[in-house]
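A.B. asks: Sequence:
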Amino acid sequence: MGIAFTVKFKRGIQGSRLNWLVILPVWLSCAFLGFVLMSLYINPAARLFFKLDYWKAILQFEESLRLVHTEYVDPNKSDLFQLSTQAVNGMLEGLDRHSRFFDSTEYKVFNDDTHR
17 MGIAFTVKFK RGIQGSRLNW LVILPVWLSC AFLGFVLMSL YINPAARLFF KLDYWKAILQ
77 FEESLRLVHT EYVDPNKSDL FQLSTQAVNG MLEGLDRHSR FFDSTEYKVF NDDTHR
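Reading the sequence shown from the start, the letters are residues 17 to 132 in this note's numbering.
Hints in this document: simulated from the structure, not taken from any laboratory. Where hints are given, some of them may not hold.
[Said to hold, decoys possible] Below, computed lysine to aspartate or glutamate pairings styled on DMTMM-like, alpha-carbon distance capped at 20 Å:
(1) 93 x 79
(2) 72 x 90
(3) 93 x 69
(4) 93 x 119
Working from the sequences, and respecting the hints, build out all of it.
C.D. replies: Below, the structure is given as structure tokens:
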């Protein structure tokens, strides 16, 4: 009777260890996923990813950019980088007269001028 008890006890320990080997990675994965999702939700800029209006605006911009790039008569004026830069400039000019978009060279000149 004592032998059967020790065998059952050893199987119980091994089964318990196996349970923890399964439960622990699942629990850690859920905790990590919860942390990532909560940090995305708390961040105001990342919170936009959860809003339907954001994705509608992105799709509208993408469709406009694609149509102008493919259907505009002058291909020199419909370069994707140039179109997106002009779109960002127009978006910021619509906010107020003090907002402006700088590309890397304009920003370097602006930064050098303001730090003198």
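A.B. asks: Going through the earlier hints one by one, which of them does the structure break, listed in rising order?
C.D. replies: 2, 3
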